[in-house]
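Q: Those protein sequence lines, which keep their order, are chains A and B.
Mapping to UniProt numbering: the first sequence position 215 is 215, numbers consecutive.
Mapping to UniProt numbering: the second sequence position 192 is 192, numbers consecutive.
Keep in mind that the hints were calculated from the coordinates and are not lab data.
There's no promise every hint is true.
Chain copies aren't distinguished; within one or between two, either way the pair holds.
Said to hold, decoys possible - Restricting the straight-line Cα-Cα distance to at most 25 Å, the calculated cross-link-like pairs of lysine to any residue (SDA-like) are:
id, residue 1, residue 2
1, K438, V357
2, K22, T70
3, K256, N442
4, K212, I32
5, K212, G42
6, K212, T14
7, K352, K438
8, K352, Q141
There are 2 protein chains.
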Amino acid sequence: MSSRTADTAATVTTGPIEGSSKHYLTVEHLRIPQRRVHLTNGEHLDLYDTSGPYTDTTATISVEAGLAPTRNDWDRPDPVDGAATQLAWARAGIITDEMRFIAAREGVDAELVRSEVARGRAVIPANHRHPELEPTIIGKQFLVKINANIGNSAVSSSIAEEVEKMVWATRWGADTIMDLSTGKDIHQTREWIMRNAPVPVGTVPIYQALEKVNGDPTKLTWEIYRDTVIEQAEQGVDYMTVHAGVLLRYVPLTAKRVTGIVSRGGSIMAAWCLAHHEESFLYTHFDELCEVFARYDITFSLGDGLRPGSIADANDEAQFAELRTLGELTAIAQHHGVQVMIEGPGHVPMHKIVENVRLEEELCNEAPFYTLGPLATDIAPAYDHITSAIGAAMIAQAGTAMLCYVTPKEHLGLPNRDDVKTGVITYKIAAHAADLAKGHPNAQQRDDALSKARFEFRWTDQFNLSLDPDTAREYHDETMPAEPAKTAHFCSMCGPKFCSMRISADVRAYAAENGLETAEDIEAKIAAEMAAKSAEFAEQGNHVYLPITEKV
Amino acid sequence: MSSRTADTAATVTTGPIEGSSKHYLTVEHLRIPQRRVHLTNGEHLDLYDTSGPYTDTTATISVEAGLAPTRNDWDRPDPVDGAATQLAWARAGIITDEMRFIAAREGVDAELVRSEVARGRAVIPANHRHPELEPTIIGKQFLVKINANIGNSAVSSSIAEEVEKMVWATRWGADTIMDLSTGKDIHQTREWIMRNAPVPVGTVPIYQALEKVNGDPTKLTWEIYRDTVIEQAEQGVDYMTVHAGVLLRYVPLTAKRVTGIVSRGGSIMAAWCLAHHEESFLYTHFDELCEVFARYDITFSLGDGLRPGSIADANDEAQFAELRTLGELTAIAQHHGVQVMIEGPGHVPMHKIVENVRLEEELCNEAPFYTLGPLATDIAPAYDHITSAIGAAMIAQAGTAMLCYVTPKEHLGLPNRDDVKTGVITYKIAAHAADLAKGHPNAQQRDDALSKARFEFRWTDQFNLSLDPDTAREYHDETMPAEPAKTAHFCSMCGPKFCSMRISADVRAYAAENGLETAEDIEAKIAAEMAAKSAEFAEQGNHVYLPITEKV
């Protein structure tokens, strides 16, 4: 890896987020990271933190050495019926260190974590070969998570760039990342990412398998695929997208669509099925795949290879036929003690979003739903982070556990560093909006703290409590003089002379003096005045000077 | 105005949007503008067009001269009971030229336009003094509209900039604009905007009135306010925000809020009420105001001066108390034959959004709802165009007729030209997503045309059919070689070697050959193979090479 050391080391981003510092909750031998935001009024707020040691000024970061393998010291229960998985242990009533870590991280009871995992309604993607991981949980009873896709392609980008994209994405809040590399150096790129990733890493093994047959889907075999899965399992991949629901008989259902098959994995398997006129080897060998996953505790992300690629194709026969098959496969995987999540669309108009969640829960035993957006309209390429954030917020409110981000480059090109940040921040917004709507106990604390800071003109606190302190500060400083304005009791909207926020302070003083608490109190207190006013009102009501001609 | 001619003329944007040209529908003596998108396959798509003559290459644009006063030639029925308004005429069964123009523009029947206006469920803001206007309708049976706020402030910006912002905002799709100027030259700035605006223009007269008393709310009087309204009415302002629902007795209800009163107009009136300990002159003189509005056909936009300024304050007693009063005022205004819309929040978590629409419709006789966002969370300053687009799409789906845009600078500073474009495009997304969800007859045509172009690799058509062709093209060209790629049958996501879209073409061929149409056909056709497969499956199911140690 030495040849790439220099530029990799050179580009990885470290240091705390503006106004915050790393803080650790300690539970027995576990250290749970938090982002502590320091406020100018002496208070502080601790936030869920996905950024890993990179934002800890006391940590030594070496991309070549990788992160410290902290989980090696954690308890590892014996396999249960051959499965060494969080699901198997949860069913056996065992609360693992991963579950304890997550309970503290989410601010919930460890028993809730165990029971939701046992129920198959939440997953903890944590390959035993990924000891650098800070475990996270994906399930509708917990904070909505977001995934950021990275990965080089045949067209562009280097290993160093991909590692930095991973660090960069988790810095801004990505809960998991997927390495979708399709070009050269797939194995080496993934090795760099795994050894430096504090979050669960997902892959789509069929992509690498396809490289091994020089991009010709018809040359794929079960053996090539299986060996690729094992290769990636050994590297520590935490969850894998498997498009085992794309059955030969479903493929023709896409023929009359506006946008056919848009899932890369889905179309690879469709091509294979058509060429061989046989059922997908992912389906016919699914049990074997489950045995591999059970040994490493890899979580299935059952792919929706027939998801709609446009508003016109949403919720159609092909999509829901595949979803039914994913339901069958969920039962098989869970029978093997393997954790499962289900991937979802894609492109769906708002009025068809809830049905996707309802059906997924019904057909897939409430396995965590993991959706890509969905985009609520197709007419805004270059703004699909926004078209999809609308759908993402709604589908998360309805119960989706994890949202796969979409960047402004979706449908147009590959995201750069700025696009990754924009995609992550946009999806943190959608996820948090859903946490608020679902009434997650701790979600509103941050909104309230920021709103209070805004109302009290603590500009710096408003910036530092936001998802992106740097950009908030930059935008403010564009129209306002920098330092003095940070404490100025006015903003550029109304100007120095008048301020609505200031008047609200007078209102409080007034209410305090007059001891007015409820509408009724006030009603009584000024009934008399009102009567007088009405009289006045009636008298003067009927004439007013109008300097306008008949033409008008 | 001559002193400002040069720079104004210099900065106004003209010329068609990339790939489109101005097209006119002709109905009797009316010419209804459309944006015609020309596709590379010889087809074209005509879109609703708000950009006015600025995008018509055959039009002569002179900012000093202003736009041609086309409506001067239109029929103007006599007043009905003293009201020369679209509402009065609609009630009298008269279909005006404005209604005919709108019917053609929306692709609906003119009688639907008349009946919705007569019912008070839609408004046509069209001051007789604004003959340059291309009439638009705001009501839940029609396309969801968006408003863009512009206006200089005590802190920055020139008249020329404001005119350009108006032209720029309508170019990208703003259906109306509001001039919220608060600094110097308010009258002159507005005059420039009115004479050059092809869309309805709204104002908040209390802002200018406040300037007349040097920014001291307590010095305001009914007379100063009334004269300001008449001054603006004479200039042709189409709708005015009036915070007549901020009653003295409601003010103390905001005392315990996290963010008190955040509406500028609301806090001005609250300050006045508190200082004089009297009821708001906007409320006590409301009948007189109606008489002025009835002469010019100015539409009320009844302001929500007590709207919540944070998630914590959403749907509280102060907000809904004012809404009840707005309901009373709606009845009074409509009794005078004056058109009314109702302004709404602000900041509302997703699960409290629908209640706002339900209550507004119940209390305000279904007068068109006009909301500001709402923001679905408070934690993302610098991204509030996105936090609010989520709320805006949902509230529009629930029945809101017009959405007031929010730019990335919300809460931080004044929007510049780029912020205005970003805000407008973001809100076109929210409005269109709602049009799709509400099943507007023509909405999905554009999505389907763009998706078809995407699927057929007609990149140029995909760009030109989008809300922002320039940015879509720019993003594409960042990762892909420019010209050749425009017709390349692959994109940068998968690279040249493999393409999911191409495989879909094979699927269609396969389906065609095999004549497979439904899941049943296929079920039958391959039942045999499946049986064989299952057998195989069972045999080979139980052993797989696993090169991993016991430790794992």
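Q: Take the hints in turn and mark each one as holding or not.
A: Evaluation of the provided hints:
In this assembly of identical chains, the alpha carbons of K438 and V357 lie at most 25 Å apart whether taken from the same copy (15 Å) or from different copies (20 Å). In this assembly of identical chains, K22 and T70 lie within 25 Å of each other by CA distance solely inside one copy; the values are 17 Å within and 64 Å between copies. Proximity of K256 and N442 under a CA criterion of 25 Å is satisfied inter-copy only: 21 Å between copies versus 47 Å inside one chain copy. With identical chains, the CA atoms of K212 and I32 are never at most 25 Å apart, being 40 Å at best within one copy and 59 Å at best between copies.
Proximity of K212 to G42 under the C-alpha cut-off of 25 Å is found in neither arrangement, the shortest distances being 58 Å within a copy and 42 Å between copies. In this assembly of identical chains, K212 and T14 lie within 25 Å of each other by CA distance neither inside one copy nor across copies; the values are 36 Å within and 53 Å between. In this assembly of identical chains, K352 and K438 lie within 25 Å of each other by CA distance both inside one copy and across copies; the values are 20 Å within and 11 Å between. In this assembly of identical chains, K352 and Q141 lie within 25 Å of each other by CA distance both inside one copy and across copies; the values are 23 Å within and 20 Å between.
Violated hints, listed in ascending order, are 4, 5, 6; each of the other numbered hints is respected by the structure.
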